[in-house]
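Colleague: Below, each chain spelled out in residue letters.
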Amino acid sequence: MADENQTAEECPECVIDLSKLKNRPRGPASFSVLILLARGTYGRYDDGYSAIQVGNAVLASEGDATLVLLEDGVYFALREQDPVGIGYANNAGFIRDFLDLGGRVVAVRSALAARGLEPEDLFEGVEPVPLAQVARELARHDVAVTF
Amino acid sequence: MKTLTVLLNRGPFVSEYADLALKVALKAREKGYAVNLYCYIDGVWAPHVKADKPYENAGRLLREAMARGVEVKVCARCAESRDVTPEDTLPGIPQVGLFDFINWLKSSDQVLTFTG
Amino acid sequence: MADEQVEVRFLPVASPEAASLGVRSAPALVVNRKLSAYGQLEREEILELINQAKPSRLGIILTKPPGGEAASALGTAAEALAWGDQACIFCLSDGVLAACRNQHGPTAEQLETVLRRGGEVLVSAPHLRAGGLSPERLVPGAVAVEEALDVLVDRVMEEWDKVMVL
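Chains as they are written, first to last, in this note's numbering: chain X, 1 to 147; chain P, 1001 to 1116; chain R, 2001 to 2166.
One or more of the hints may lead you astray.
[As the list claims (entries may be wrong)] List of simulated lysine-lysine pairs, DSSO-like, C-alpha gap at most 30 angstroms:
(1) X:K22 with P:K1050
(2) P:K1053 with P:K1031
(3) P:K1073 with P:K1002
(4) P:K1023 with P:K1106
(5) P:K1002 with R:K2054
(6) R:K2034 with P:K1106
(7) P:K1050 with P:K1073
(8) P:K1002 with P:K1053
(9) P:K1073 with P:K1053
(10) R:K2054 with P:K1073
(11) P:K1073 with R:K2034
(12) P:K1053 with P:K1023
(13) P:K1023 with P:K1050
(14) X:K20 with P:K1106
(15) P:K1002 with R:K2034
(16) P:K1053 with P:K1106
(17) P:K1050 with P:K1031
(18) P:K1073 with X:K20
(19) P:K1073 with P:K1031
[Stated by the list, open to error] A partial selection of chain X residues facing chain P, derived with a Cβ cut-off under 8 angstroms:
(20) F31
(21) V33
(22) Y45
(23) D46
(24) S50
(25) V54
(26) A57
(27) S61
(28) I86
(29) H141
(30) V143
(31) A144
(32) V145
(33) T146
[Claimed, not checked] Stretch by stretch, here's where chain X covers chain R in the computed footprint (C-beta under 8 angstroms, at least three residues):
(34) 2009-2022
(35) 2061-2073
(36) 2079-2091
(37) 2155-2163
Honestly, the hints are just simulated from the structure, not real lab data.
Glycine residues also receive a C-beta, built at the ideal position from the N, C-alpha and C atoms.
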């Protein structure tokens, strides 16, 4: 997004503040969405940012959501990310919201390995998975979107 | 009637994605399916192409898609951040919040994304 | 389903397989190695879920040239085929380049695996032509489709259970 100073309070329609939703009782989901993210770097800021907004909006709408990080998407979940120095807002809060609300984040192991990354480099709760898991996730979700 | 939702994340001309999204939407309408198109991220630039041009373009395809009943919505925040106002774009395309798209996801039989 | 083999298992929540399937509460009902439901279920619900169990027909639309995303798309299809699902790769736009023969690297290797495991590879003929490539350039087994978007929409809306685009 071009305007990184806009807060959730200024744009309640678009950026989801999930703090109030985290403690509500969660019933069975009426729909499920698989979100594939293949570009998760701050160099492609709007793709990762928009992917996690969709994920949080699905969870806020009583849906199930799984975020699959493949290829450069795995960079999205690096626990020590800090884009302040390049003038961008940090995605970490949105990722924690997603996990806290019951969203699953899975990172393809071979994509991590190819980039010299370890599972310990990722946020707690992010699951390293084999590529085979992507096929299983596709089969068990209603629809898939890509970023 | 089955419903297809198309998510467009890229703008016109720089790649084939906008044209592909619209051609798939048109083909699905031709076959009698209900079709939604959500313009997200740089996809909000597609409805900005309004004038006739002597070459194929996403604006012409979008006008045809709307005339044939494809329902089109634009992400309000993506549009706002790029200063794409409703006056800048083809008429009849609402700028909406993300939950409109989530509702389309809920009610669609299939969803296709064009991005890259 | 009457004449098909159906494997039914109940997994404890603490098992590695349950974790890989995303199980959140026990017991997990797994039919044909796919998670069908978890938690307390009525007998009728279990019977209905078993009745519904069948291989998924997965469609993977590839719009990227050979490289990481193409290899991931093809690898996902290869893994689905190994799991007993059906998988079709539909190459559109620059994705057609991934189906051309005499290439080396992960994309070519995954494509070979998909075809060896019985996956279907369809390639947009207009996009091939646009790039100056003829159907003779395709790997054996890949099929050029003249009315690409027509066939694509039919597959998406009427044949594939689930679809993803890379």
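Colleague: Could you grab the alpha-carbon distance between K22 of chain X and K1050 of chain P and see if it respects the 30 angstroms cut-off?
Modeller: 43 angstroms, violated
Colleague: Holds or violated: are the alpha carbons of K1073 of chain P and K1053 of chain P at most 30 angstroms from each other?
Modeller: 23 angstroms, holds
Colleague: Are the Cα atoms of K1050 of chain P and K1073 of chain P separated by 30 angstroms or less?
Modeller: Roughly 16 angstroms between the alpha carbons, so the hint for K1050 of chain P and K1073 of chain P holds.
Colleague: Hinted pair, alpha-carbon criterion (30 angstroms max): K1073 of chain P, K1002 of chain P. Please report holds or violated.
Modeller: With Cα atoms ~19 angstroms apart, K1073 of chain P and K1002 of chain P stay inside 30 angstroms; holds.
Colleague: K2054 of chain R and K1073 of chain P were given as a pair; does the straight-line alpha-carbon distance stay at or below 30 angstroms?
Modeller: Violated: K2054 of chain R and K1073 of chain P sit about 36 angstroms apart, past 30 angstroms.
Colleague: K1053 of chain P and K1031 of chain P: Cα distance at most 30 angstroms?
Modeller: 28 angstroms, holds
Colleague: If you draw a straight line from the CA of K1050 of chain P to the CA of K1031 of chain P, is it 30 angstroms or shorter?
Modeller: 26 angstroms, holds
Colleague: Given a cut of 8 angstroms on the nearest C-beta pair, is the interface hint for S61 of chain X held or broken against chain P?
Modeller: 5 angstroms, holds
Colleague: Checking one constraint from the list: CA of K1002 of chain P to CA of K1053 of chain P, max 30 angstroms. Satisfied?
Modeller: Violated - the C-alpha atoms of K1053 of chain P and K1002 of chain P are around 34 angstroms apart, more than 30 angstroms.
Colleague: Take the shortest C-beta to C-beta distance between I86 of chain X and chain P; is it under 8 angstroms?
Modeller: Cβ of I86 of chain X sits 17 angstroms from chain P, so the hint is violated.
Colleague: Less than 8 angstroms between beta-carbons is the criterion; does Y45 of chain X satisfy it with respect to chain P?
Modeller: 10 angstroms, violated
Colleague: Restraint: F31 of chain X near chain P, CB-CB cut 8 angstroms. Satisfied or not?
Modeller: 5 angstroms, holds
The earlier numbered hints that this structure contradicts are 1, 8, 10, 11, 16, 22, 28, 29.
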